[in-house]
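Put the two chains together into one complex; each comes in its own frame, and the hints tell you how they fit.
Chains G and X supply the protein sequences, listed in that same order.
Under the working numbering, the first residue of the first sequence carries the number 1, and numbering increases by one thereafter.
Under the working numbering, the first residue of the second sequence carries the number 291, and numbering increases by one thereafter.
To be clear, the hints were calculated from the coordinates, so they are not data collected in a lab.
Using N, Cα and C, we set each Cβ at its ideal position, and we do this for glycine too.
Some clues are possibly wrong.
[To be verified] Cβ-Cβ distance ranges computed for the label pairs, FRET-style:
| hint | chain 1 | residue 1 | chain 2 | residue 2 | range |
| --- | --- | --- | --- | --- | --- |
| 1 | G | Arg-6 | X | Lys-307 | 53 to 61 Å |
| 2 | G | Thr-9 | X | Thr-309 | 32 to 40 Å |
| 3 | X | Asp-303 | G | Ile-264 | 43 to 51 Å |
| 4 | G | Trp-56 | X | Asp-344 | 36 to 44 Å |
| 5 | X | Gly-973 | G | Arg-6 | 56 to 64 Å |
| 6 | G | Asn-108 | X | Lys-673 | 31 to 39 Å |
| 7 | X | Pro-863 | G | Thr-7 | 45 to 53 Å |
| 8 | X | Leu-920 | G | Asp-54 | 39 to 47 Å |
| 9 | G | Ala-283 | X | Thr-309 | 52 to 60 Å |
| 10 | G | Trp-56 | X | Asp-303 | 33 to 41 Å |
| 11 | X | Asp-406 | G | Thr-9 | 32 to 40 Å |
| 12 | X | Arg-300 | G | Ala-18 | 31 to 39 Å |
| 13 | G | Thr-7 | X | Thr-871 | 45 to 53 Å |
[Stated by the list, open to error] Only some residues are given here: those of chain X computed to face chain G with a beta carbon under 10 Å:
| hint | residue |
| --- | --- |
| 14 | Val-542 |
| 15 | Thr-871 |
| 16 | His-872 |
| 17 | Pro-928 |
| 18 | Glu-984 |
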Amino acid sequence: MPVDARTLTLQRPRNLKAALAMLAKEPTLTPIAGCTDVLVGLHFGTSDTRQFIDLWSLDELRGITSKPILRIGALTTYTEIIASPLVQKRVPMLVAAAREIGGAQIQNRGTLGGNIANASPAGDTLPVLAAAGALIVLRSASGERRVSFARFYTGYRTSVRQPDELITAIEIPAIDGRQWWRKVGTRRAQAISKIMMAGVRSPADHLRQGYGGQEAGRHSCKVRIAIGSVAPTVVLAEAAAAVLSQGGAIGDAQAALRKEIAPIDDLRSTGDYRQQVAANLLAAFWKDTE
Amino acid sequence: MGRAVGTSVRRKDGDAKVTGAAKYIDDLTFPGMLFGATIRATIPRGEIVNTHIDLSPDYIVADYRDIPGKNYVALLDPDQPCLAEREVRHVAEPVLLVAHADRRALFGIDEQVRFDYRELAPNYDPETSETCFKQIAIDKGDIERGFRDAEVVVDGEYRTSHQEQLYIETNGVIAVPGDGQITVYGSLQCPYYVHKALVVLTGFTPDRVRVIQTETGGGFGGKEEYPSMLACHAAILAIKTGKPVKMIYDRVEDLLATTKRHPAIVRHRTGLTRDGRITAMAVDVLMDGGAYATLSAVVLSRGVIHAAGPYRCDHIRIRGRAMMTHTPPNGAFRGFGAPQTQFAVEAHMDRVAEALGIDPVRLREVNALRPGDSTATGQKLGKDASALPVLREAVKRSGFRRKRREWKGTNRGIGLSLFFHGSGFTGAGEVKLASKASLELTRSGARILVASTEIGQGTTTMLAQIVADALELPFAAIEVQQPDTDVVPDSGPTVASRTCMIVGKLLERCARDMRRKLGALTPAQYFTRHGAFTVTKQYEPPAGLAWDDQRYSGDAYGSYAWGCNVVEIEVDPVTFEVTPTHVTAVAEIGKAIHPLMAEGQIQGGTAQGLGYALLEEVVMRDGRMANAQLTNYIIPTPMDAPPIEVAMLERPYAHGPYGAKGVGEMPIDGPAPAVINALRHCGFDIRLIPATPERLMRARR
Chain G
1 MPVDARTLTL
11 QRPRNLKAAL
21 AMLAKEPTLT
31 PIAGCTDVLV
41 GLHFGTSDTR
51 QFIDLWSLDE
61 LRGITSKPIL
71 RIGALTTYTE
81 IIASPLVQKR
91 VPMLVAAARE
101 IGGAQIQNRG
111 TLGGNIANAS
121 PAGDTLPVLA
131 AAGALIVLRS
141 ASGERRVSFA
151 RFYTGYRTSV
161 RQPDELITAI
171 EIPAIDGRQW
181 WRKVGTRRAQ
191 AISKIMMAGV
201 RSPADHLRQG
211 YGGQEAGRHS
221 CKVRIAIGSV
231 APTVVLAEAA
241 AAVLSQGGAI
251 GDAQAALRKE
261 IAPIDDLRST
271 GDYRQQVAAN
281 LLAAFWKDTE
Chain X
291 MGRAVGTSVR
301 RKDGDAKVTG
311 AAKYIDDLTF
321 PGMLFGATIR
331 ATIPRGEIVN
341 THIDLSPDYI
351 VADYRDIPGK
361 NYVALLDPDQ
371 PCLAEREVRH
381 VAEPVLLVAH
391 ADRRALFGID
401 EQVRFDYREL
411 APNYDPETSE
421 TCFKQIAIDK
431 GDIERGFRDA
441 EVVVDGEYRT
451 SHQEQLYIET
461 NGVIAVPGDG
471 QITVYGSLQC
481 PYYVHKALVV
491 LTGFTPDRVR
501 VIQTETGGGF
511 GGKEEYPSML
521 ACHAAILAIK
531 TGKPVKMIYD
541 RVEDLLATTK
551 RHPAIVRHRT
561 GLTRDGRITA
571 MAVDVLMDGG
581 AYATLSAVVL
591 SRGVIHAAGP
601 YRCDHIRIRG
611 RAMMTHTPPN
621 GAFRGFGAPQ
631 TQFAVEAHMD
641 RVAEALGIDP
651 VRLREVNALR
661 PGDSTATGQK
671 LGKDASALPV
681 LREAVKRSGF
691 RRKRREWKGT
701 NRGIGLSLFF
711 HGSGFTGAGE
721 VKLASKASLE
731 LTRSGARILV
741 ASTEIGQGTT
751 TMLAQIVADA
761 LELPFAAIEV
771 QQPDTDVVPD
781 SGPTVASRTC
791 MIVGKLLERC
801 ARDMRRKLGA
811 LTPAQYFTRH
821 GAFTVTKQYE
831 PPAGLAWDDQ
841 RYSGDAYGSY
851 AWGCNVVEIE
861 VDPVTFEVTP
871 THVTAVAEIG
881 KAIHPLMAEG
891 QIQGGTAQGL
901 GYALLEEVVM
911 RDGRMANAQL
921 TNYIIPTPMD
931 APPIEVAMLE
941 RPYAHGPYGA
951 KGVGEMPIDG
961 PAPAVINALR
971 HCGFDIRLIP
981 ATPERLMRAR
991 R
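Bound-form chain X, shown alone (with noise of 0.2 Å):
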């Protein structure tokens, strides 16, 4: 037992990524394929009058009316228009669509087409809009009575920014009409819900559409969502014409109409008793959803869970609202709401003992949950909680303490953050999607049937390493299918650090299913006599697991995953440019499947937060993202990236695979606010993120 899991074997994509055998979206053609062009509105707010084209008729356009369902991008609310019909909510809206047969007489198509608008006054304040998406509170315990056992009040106002995902390849699709059906290709990270929008938009009945994989070069969440857009425009095009149409962004438009992580404006009123213990805790989160609701409702979910961070508190009020502003929407990215609530809540911590004269650890250490505690939801932590142990792990590895000490005064900082990351969908979430997972027994193995996507996380590589010990056979003798919504179950999205703790943990019980089948025969031997079989599990709750949606109160995950960041700092004082030097992040993950792999997820991650905390923003004007460039729009290179010293611990979640959690979304929780506290290290009193040298020069103190 235990060959391959635990082991930092070959990835199953890696040969042909590197070798350049692997075929992305781009890479792919079919005969007498057209290529396909958004037009798009160039206003924030307002209302289409008039339409102006100017092209000859070797263009082919196409327009609402050409939708053969209904004229919405299915996914939660359906208020997003597939094309917009009248109104238009925000600059980059989809207009119209235009296939060619050559992709160079696409260039500068937009030009060819003017619309009359009539303008409305647009809102980018999400504290001023009038139009709410989704308003959240939980309470726990009895807050006024907590603000009267507090001997010390802190209140703190913090803000994010937006941040892009920048996965490596832009969107893209293929869509190819059949007789009253439709396949898309695409690189995306949930073939069921771009199934699901395309079912809505066609008509068709759901096996009359079919959606494949492609190999994909990056997600972060970025991938989500937007697919779904993309595909049906492919599809509209591919039904009007009748021919394959390819659509791909370039990285300006990726970058321009695609979502990015919400803006939050998060404010803290903490009571403490004067030792440091936490009495009441009442925090209020805003996000700015932009146009329209996309997934802005689950990201707030996730965002005011983690609201009040890693701690133990009997008194707490957390209310959360979703706000529409006319700007393109914002959506799914890695850490969903999570890295904006506790950024605001560790920054605050800070603030906290400072205003308390007490050492940051020390007030972490009073505070942080352990096994039998409750979180703000009065979820019962189990024996995996391990705010404490990631703590002192990541304070002994740096030497914070000592470091802490000698530094002050300098244009050194060290800072640190302690956070936690719900693993799957939130609160019934999992039990609502009912995910499937499949084994088929193939001649020399097995193969693997899930719709969990390989984004270059590493996906087909752990789910193989599971299925390989389970059955208690070599790791190559496992095969993952590429997900194609015809072959493969409905496992749920490839999204909430959710692949290998549910879709993994179904694939490990179908092992030992098939394992037991088998008998004393191998593969080879069995399928000779008795031929193939495929073994199905849906996803069932582990026992004991409770969540009231009403009451925002309960369960809110099967597990979570705990980190500790300490980041090191250098402040130029001539350029106010902060030099991370040194991080150190310890992750307790439940089990480190692949460890090499986990590990390069958490590298990644926190070289992700450093860029959130430090260089990345989106610059927008009048609605518009005006640095929609490489150039502009600026992410650490591995110049800024410092070593990051990863120390994984390990305790089990009964019911994750292996005792696996999740791993790809909690890294980067915690790098913005441990660069925040490094920087009040160093004197400088930031509460908003990046924190650019321009507004370093300003928060000196």
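Isolated chain G (complex conformation) (with noise of 0.2 Å):
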């Protein structure tokens, strides 16, 4: 049953000041932007939140800059990071992903900011910021902070975000290397993921400057790849990027990977299924990256 919206409070800040003053005095408050998650929970009555704050008309949390790293304010849609010749060109993977979530009517409400904060385990661009050691720019009435992605989540649907800081934007660092992204869903679109894997291939520092060689080259690049929708947070799966990094066989690091995920039966998919999917997504990332 749907929640009665006589039963909701909504307070709308004009500036991110004001905003985050608002949120300093009542830090229950739970923001909202495009609210694609939000309004799923109230509409099913799954949602225990009733009390909101709107930042939906918060320009100053829009945009994409690249000085001097790739920096996408908070509330930059999906559609705008599709459209962004700045995203296609240094973090094409996150296109990828945001392509891949929801039909035309989410990809121009749903924010980047808004996926992070609503903590999926299944949200689809946070394999990509985990594999792109993302940094994300907290703030709050008294300052501002970076909290490096991979520290981010602290379990599910829980993160070091304080209830009066808001994330402001999400810094990208240059990536080196090849990207690879794959969206495992239960149909080709307007699905939730099954299992989704972000992968960055790069080449390590001495070959780049030259005289590596074949055989130095297949032993030493770095590697990260990052899953999501297999444990109670996305997962960063050191061991498996290690195996490979180290120039280690693709069975090695799949058995790695196997240890470093724990994924469950749901409605959408089995503990198993994603168990061996995730073996066959490295794999064919290492493959395709080659």
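Take a look at the structure:
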């Protein structure tokens, strides 16, 4: 049953400063922007939150810049990400992920900051941000801090974000090497992920500088792999990545990966399937980025 | 002659729908109208021993004691209460009704009501169920002899799952009370079914009950029987409060509470000669009826009649049972039992071909029913029996043999299915229905008066085309009355692929009579001189049609439509996702009255069949649909539907309007087995649908 809208309150700050002041005063407020998750929760009566602060009009949190580092405002929509030449050039795997989220309506409303804040283990941009080594910029009335994406989540739908803090931007350092993304949903569009993987395969420094040769190249590169929907939060598969970075066999990397994830059976898939497909995706990533 | 029939004229209902002018049930309102909600049981089996209601006096609550007439939903068996009295047989069984003037006041209302139960152990397994709703036996020839003649015997067990109809518009009605009478408006397929149920519920005489179908956003069988239940609920509240009451389900409630396709377990044992001639077919069909009988008996009937597939065999034994389980009742859904049993026989045929080491096309060619052959029930087929023509057309169009050869051992696969579907009610059903249709002269033409409903499939357009040509008038001169039981005769339910062949034929007869009566006059001239008149015709079975309901033998249907699907797929070796890349759908339907709509029916049914094969799964947990939302009940989007190439063959049926047979249901019979046979071609042994990636992962050979 839907939640009766008369039981909800909504505050609409005019600017970021006002928003942070409201949150400082009432940290229990739930920030909303595109509402693509919140409205679903309210419609199905599965959400307990009733008091909201609407960030949608805070244009300070929009936009994509690149000086010196790629910075994506928290309110940037998926449509804006898809259309951005900067993101297309620097983080094509983020564009690929954004393209597969919902349909056009969702992509027009849903925001990158919202995907992070909603903290679903099935959030499609999260493995990309993890693999990209992104930083999350948090701001409260008392100041700003940066948290590495790998340290942002603390458990199922929990994070280090304090109740009075807002996610204001996502910073993505320059990514060297090949990027890879694959979403496995319940169907080809309008689907929640059963599992998704983002990978980055960078050549090692000395190799880029010159005389590495075939032999050296095969044994030294940098690999980052992140997987979604296989644990309470997005998993940065460091052990599997380490095996591959050191020139280990793909079978050994798959074995390492299996230990790093803890997928469960749910309405959309099974733990067994996710285990097997995670290993298969790893092999596909490795083959595709050769 | 033939100006409208056979051309894709503009739809009668099209303009209002695309401009948004069409009024659906939730668009209607009445002065003083209240809103109703249903309080449902939360356990699968037990007794209600206490009820605790915590509601302020502005809420009106009704229970079974408020029912003026009898507390059952009148359909076939009087076993399903309209509101549970004490016994609970399934989760979401309706117990109480609540009305309020403010719709929003009903949100979360179930938290204000609590039942104390005495719980009993539920049973979800039809194989161990002790309650059988219906048993059917079909025997042809001597099955023992058939197996004695066999050189090879192949066994197999095949399973299908629940499927949700997923009409776009959820169930909804408005009941408007009057002085000792009641009118119900609603999104529904069968106005006279609802009428019958309301007469029993209210105890009113039939003339004091009126049912009006509003614009209906899809049905697929899901609005065949369930609207009777919902109409009864709204009527109870309307009678109790003396005010109009609107009840509209949201998607979750619609998914949780309303009917689904019957899951089935079908076992085959087939005897053959080494060169592929079938000598014996033994088929056992078990259907899960859910908690109440509803339409299970007739779903089973159509299922078993189609269980041997479109194949000639002298010795056939079919046994069917529909069993009770403690889940919401299963009911009508496009295909009505035939998709389950034809999935089984067609998946089995490819296993048979494999066992014999012969080509699946060749196996079907040898055994396909031809004109003059007899079906499992002993029905001798007429000249329009088209199993071979559809098979050959589909094989040729799709390049089946070449692709079969070239793709072997790759992740691409191609599979086919051959199927048929009886048009109209089974056996003596049409005789018992004795449907009527009327045609009324108007100043500018004629008005069609039938209870057949437009639910998106094109009823109004198609019937008007038939009438226009038989009356020799332009299509635009024909109006169609919105079904209203005070105005239209009982032309039977809009189900069973019967509207065109049966009701269309009645109207053709009406129109020919009217044409004769008009003589040389135009409708306007006649109308001015003599006034209006109405022609009514009643169903008469074609001569020679005979059915023995005791022995389940004879002419099961007036005629059959025939189909062959070739499905091409690609399996992703990384994720086990199956992508259908192309479907060739050949259908022989007698005559395509409106070619574009007929093609649309075939494409839509095929897409729905692909969903049935690959995606759609009702996850039942403790008797409750756990994925009762569109996020997790997965139907195909356009992105999941491949190009569907439709070819329609026309072998006219003598007793159909302009030769037409039924087309609505047949397209969903074929896609699932064709997909599974394509998967077999790729090396996956699947005998249960949906063939999800999770199941494929385990089924790799």
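Quick one: which hint numbers does this structure break? Sort them smallest to largest. Going through the list in order, the structure violates hints 1, 6, 8, 12, 15 and 16 and respects the others.
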